[in-house]
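Asks: So the protein sequences, as listed, match chains A and B. Numbering follows the working numbering, in which position 248 of the first sequence is assigned residue number 248; successive positions increment by one, without gaps. Numbering follows the working numbering, in which position 280 of the second sequence is assigned residue number 280; successive positions increment by one, without gaps.
Rather than coming from a laboratory, the hints here were simulated on the basis of the structure. Among the hints, erroneous ones may be present.
[Said to hold, decoys possible] Capping the alpha-carbon separation at 25 Å, the derived lysine-lysine pairs in PhoX-like fashion look like this: (1) Lys131/A - Lys86/B; (2) Lys244/B - Lys131/A; (3) Lys294/B - Lys52/A; (4) Lys25/A - Lys236/A; (5) Lys86/B - Lys244/B; (6) Lys244/B - Lys52/A; (7) Lys21/B - Lys131/A; (8) Lys97/B - Lys408/B.
[To be verified] One side of the interface only, derived from the structure: several residues of chain A facing chain B at Cβ under 10 Å: (9) Asp54; (10) Asn66; (11) Ser67; (12) Leu83; (13) Val96; (14) Val216; (15) Glu217; (16) Arg220; (17) Leu274; (18) Thr276; (19) Glu278.
Source: prediction; values computed, not measured. Cβ coordinates follow ideal geometry from the N, Cα and C atoms, glycine included.
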Amino acid sequence: MIEVKNLIKQFAGITAVDTISFSAKTGEIFGLLGPNGAGKSTAINCISGLLKADDGSVEINGYNTNSDSNKAKSSLGLVPQELALYEDLSAYENLVFWGSAYGLSGEKLESRIQEVLVDVGLETRQKEPVKQFSGGMKRRLNFACAILHKPAALLLDEPTVGVDPQSREHLLHATLKLKHAGTAVIYTTHYMEEAERLCDHLAIMDKGKVIAAGTVEQLRKQVGERDLITLVGNYKNLDNKQQLLDIGAEILEISSEEIRILIPEASTCLTQVLATVESLGQVNQVNIQQANLESLFIKLTGRALRDDT
Amino acid sequence: MNSFFSYTVFRNTQTKLFKEKWQLSMWILIPVMMAGLFSLISGSDGNARPVGTLLVTDNDGSFLSQLFVGSFNQGPLAEMFILKAKTKEQAIKIMDKGEASVWLEIEKDFTQNFLDEKPTSIKLVKNPSQKILPQIAETMVGTLSDGGHYIQLLFSKELKQFKNLLTGKNISDADIALMTVQIKHTIDNLEDQLFPPQIKAEKQVVKTNKAPSKSFMLFMFPGIMFMALLFSSQGMAQDFWKDKTQGIISRLLSSPVGLNHYMIGKLSSSAIIFVFIAILLGGLGLILFNIEIKKIGVIILWLMLSGLALWSLMLFLSLLLPTEKSANLVTQGMVFPLMMLGGSFFPFDSMPKWMVVIGEKLPNGYLLQSFNSWFIKDQALSILLIPAITALTFIVLMFIINNSLFAKFARRR
Ligand SMILES: Nc1ncnc2c1ncn2[C@@H]1O[C@H](COP(=O)(O)OP(=O)(O)OP(=O)(O)O)[C@@H](O)[C@H]1O
Ligand SMILES: [Mg+2]
Numbered sequence: 001m002i003e004v005k006n007l008i009k010q011f012a013g014i015t016a017v018d019t020i021s022f023s024a025k026t027g028e029i030f031g032l033l034g035p036n037g038a039g040k041s042t043a044i045n046c047i048s049g050l051l052k053a054d055d056g057s058v059e060i061n062g063y064n065t066n067s068d069s070n071k072a073k074s075s076l077g078l079v080p081q082e083l084a085l086y087e088d089l090s091a092y093e094n095l096v097f098w099g100s101a102y103g104l105s106g107e108k109l110e111s112r113i114q115e116v117l118v119d120v121g122l123e124t125r126q127k128e129p130v131k132q133f134s135g136g137m138k139r140r141l142n143f144a145c146a147i148l149h150k151p152a153a154l155l156l157d158e159p160t161v162g163v164d165p166q167s168r169e170h171l172l173h174a175t176l177k178l179k180h181a182g183t184a185v186i187y188t189t190h191y192m193e194e195a196e197r198l199c200d201h202l203a204i205m206d207k208g209k210v211i212a213a214g215t216v217e218q219l220r221k222q223v224g225e226r227d228l229i230t231l232v233g234n235y236k237n238l239d240n241k242q243q244l245l246d247i248g249a250e251i252l253e254i255s256s257e258e259i260r261i262l263i264p265e266a267s268t269c270l271t272q273v274l275a276t277v278e279s280l281g282q283v284n285q286v287n288i289q290q291a292n293l294e295s296l297f298i299k300l301t302g303r304a305l306r307d308d309t
Numbered sequence: 001m002n003s004f005f006s007y008t009v010f011r012n013t014q015t016k017l018f019k020e021k022w023q024l025s026m027w028i029l030i031p032v033m034m035a036g037l038f039s040l041i042s043g044s045d046g047n048a049r050p051v052g053t054l055l056v057t058d059n060d061g062s063f064l065s066q067l068f069v070g071s072f073n074q075g076p077l078a079e080m081f082i083l084k085a086k087t088k089e090q091a092i093k094i095m096d097k098g099e100a101s102v103w104l105e106i107e108k109d110f111t112q113n114f115l116d117e118k119p120t121s122i123k124l125v126k127n128p129s130q131k132i133l134p135q136i137a138e139t140m141v142g143t144l145s146d147g148g149h150y151i152q153l154l155f156s157k158e159l160k161q162f163k164n165l166l167t168g169k170n171i172s173d174a175d176i177a178l179m180t181v182q183i184k185h186t187i188d189n190l191e192d193q194l195f196p197p198q199i200k201a202e203k204q205v206v207k208t209n210k211a212p213s214k215s216f217m218l219f220m221f222p223g224i225m226f227m228a229l230l231f232s233s234q235g236m237a238q239d240f241w242k243d244k245t246q247g248i249i250s251r252l253l254s255s256p257v258g259l260n261h262y263m264i265g266k267l268s269s270s271a272i273i274f275v276f277i278a279i280l281l282g283g284l285g286l287i288l289f290n291i292e293i294k295k296i297g298v299i300i301l302w303l304m305l306s307g308l309a310l311w312s313l314m315l316f317l318s319l320l321l322p323t324e325k326s327a328n329l330v331t332q333g334m335v336f337p338l339m340m341l342g343g344s345f346f347p348f349d350s351m352p353k354w355m356v357v358i359g360e361k362l363p364n365g366y367l368l369q370s371f372n373s374w375f376i377k378d379q380a381l382s383i384l385l386i387p388a389i390t391a392l393t394f395i396v397l398m399f400i401i402n403n404s405l406f407a408k409f410a411r412r413r
């Protein structure tokens, strides 16, 4: 169980985390979703003790991170966004190091090392120096180091960023396994599919604030049973946008290069939509998606979740 | 539980270091190479400049005898001779072993006889297996005794007055004025009045079969060891930054283990490396300069202590500086001035006075100077006690300070 209440963290000039509250219960994965700079890592670092929060409280497994810091830390595992590994040492040596930081030693440590190596699929590579690993393998090891001591609560900060599909599968699988074993997990990502697949509860963050929260289903309902149409082109007569509203579209974003709308049953009214948009300018590319969390994010912020979508 | 963690930190640091064989060997090889170069530069014809050991048995112990002995401790002679005060018995033993170039014995009533214008003698015992140094010493004694003789002859009147001064009889202003005029007058006539010396330098040659091995290199040897300490302590303090940039240190903040256990692991790892360096260089000294084997233990302990003191200092700066690069630049930039002023490039005895004043106050200079009084000048081991306590106190204090800086360092982005 991880319980975060009214967490605030400011850096010179900016409030990176602005009074957020959420919790991840035993056997539950709580997703923190948000674009770059939303404050996800800052929140994670305040929970784990890497940063000192300016205000608010954090409880891990019932222990307050300020008043009962050692017990709280012993119950927590952290997979930081940046790798934290000795590049010159072997995977095995890294695991011994992180295990010992959590008080493991001897046979117990040895057997846990072999278990987690199997969990992340690195058992045959354990004697190799980390610097010879691929990015995905390093991420898997980074993950393995955090779960040696069987933490009751686990923080995963974009554990799959920039990894190959095989490594991603390993990581998602291992995360679900922990959830089923009763671990409370907080998972940050800006991959919508991962959030939808893994998370029981979600909070969408932007500019340090939680702008929407609930189960995946609840959040989907906020956008309704509609489709998202993205039309890339060259638009000059943006004043005519009223015509779009007239055909029942909700405009999420409109600019001279791109128009995004939400509309019920896009397949039946696509010709109508195209005709209307062509009255605004030239259409070069059309993209239709089922409404998802991405559309919710755009709806709430007017921006895409990831710069590359 | 935490001691196993400290041990893991220790072992990881060692493993990393021994994987970077180049770095480790440079810490040792650069000083050794520098020593080779210095000896080439210092030697006139490509050979190392010799350094002799001058044993002195001063049975007189007066102002004058000290002045006489002290003349070996000045100017260029100071670079050629290491002066050691010994009793007669000790000196005989050392000469028998062939471990010194010259032995000077000053007779008991040296000053009194001199003032009384009686013949007075200095015994000079030479080591036959050496050529140049005993020769220089002999010439020096000759010159000094000649000088003494001239003073006796030329200034006999003044000496009497001087003696009166010493014995407490009053002397008037007029006397002093007269004395000055007389001295001036006598000096003017000096060239015409050369007389044979009355102080006899009694020469004696002892037989020895063992060639002495004290050389310029041995003289440089402690400085070389300290050079290796400076390089390695800088490198090992910098390892904190390497761990930090790999994300290790900040991630540790999320674990229950105290950061001080990480510090303990690093400290013990550094200590072992200093011991390793001391064994390597000490072994080299054993082979090249016949260092007595019983000295090795003290050398190892002293280098470990000094190394840790320097490491604490380097770490302090590394932790304060804002980036890995700045930390590296500043600490590396410090190594050279510390070496130059602290007696690693030129021995203290051949440095200008003002430099010695600064150098002795630098941590490496202080520890090296103390070490030399035992290692080179043969003073009793107890001379190292106070410096050892000072170093130990410094290490403990710096550990506390560095430990408190470390948490901030760990949190820094
Ligand atoms: N140590 C720091 N000092 C100053 N500003 C910081 C610091 N750490 C984070 N920030 C700022 O706080 C904001 C939130 O950053 P954070 O790393 O939490 O975002 P994020 O949601 O994790 O983004 P990403 O998806 O890129 O990882 C950013 O504007 C960032 O520049
Ligand atoms: Mg982040």
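Asks: Holds or violated: the hint that Asn66/A contacts chain B, with Cβ atoms closer than 10 Å.
Replies: With a closest approach of 14 Å, the Asn66/A hint is violated.
Asks: Hint check: is the beta carbon of Arg220/A less than 10 Å from a beta carbon of chain B?
Replies: violated (34 Å)
Asks: Decide if the proposed pair is consistent with the structure: Lys244/B and Lys52/A, CA atoms, cutoff 25 Å inclusive.
Replies: Holds, at about 18 Å.
Asks: Would the hint on Glu278/A stand, with a C-beta cut-off of 10 Å toward chain B?
Replies: violated (50 Å)
Asks: CA of Lys294/B to CA of Lys52/A, is that 25 Å or under?
Replies: violated (54 Å)
Asks: Starting from Lys97/B, check that the Cα of Lys408/B is at most 25 Å away, please.
Replies: Given that 25 Å is the threshold and the Cα spacing comes to 59 Å, the pair is violated.
Asks: Going by Cβ atoms only, is Thr276/A closer than 10 Å to chain B?
Replies: violated (50 Å)
Asks: Does Lys131/A sit within 25 Å of Lys21/B, going by the straight-line distance between their CA atoms?
Replies: Distance of about 17 Å is within 25 Å: holds.
Asks: Given the proposed pairing of Lys86/B with Lys244/B, does the C-alpha separation stay at or below 25 Å?
Replies: violated (55 Å)
Asks: Within 25 Å, alpha carbon to alpha carbon, are Lys244/B and Lys131/A?
Replies: Holds. Lys244/B to Lys131/A sits at ~16 Å (cutoff 25 Å).
Asks: Was the hint right that Asp54/A lines chain B, CB cutoff 10 Å?
Replies: Violated, because the Cβ-Cβ distance from Asp54/A to chain B comes to roughly 14 Å (cut-off 10 Å).
Asks: Does Leu83/A pass the interface hint, meaning its C-beta sits closer than 10 Å to a C-beta of chain B?
Replies: holds (6 Å)
In terms of the numbered hints stated before, the structure departs from hints 1, 3, 4, 5, 8, 9, 10, 11, 14, 15, 16, 17, 18, 19, listed from lowest to highest.
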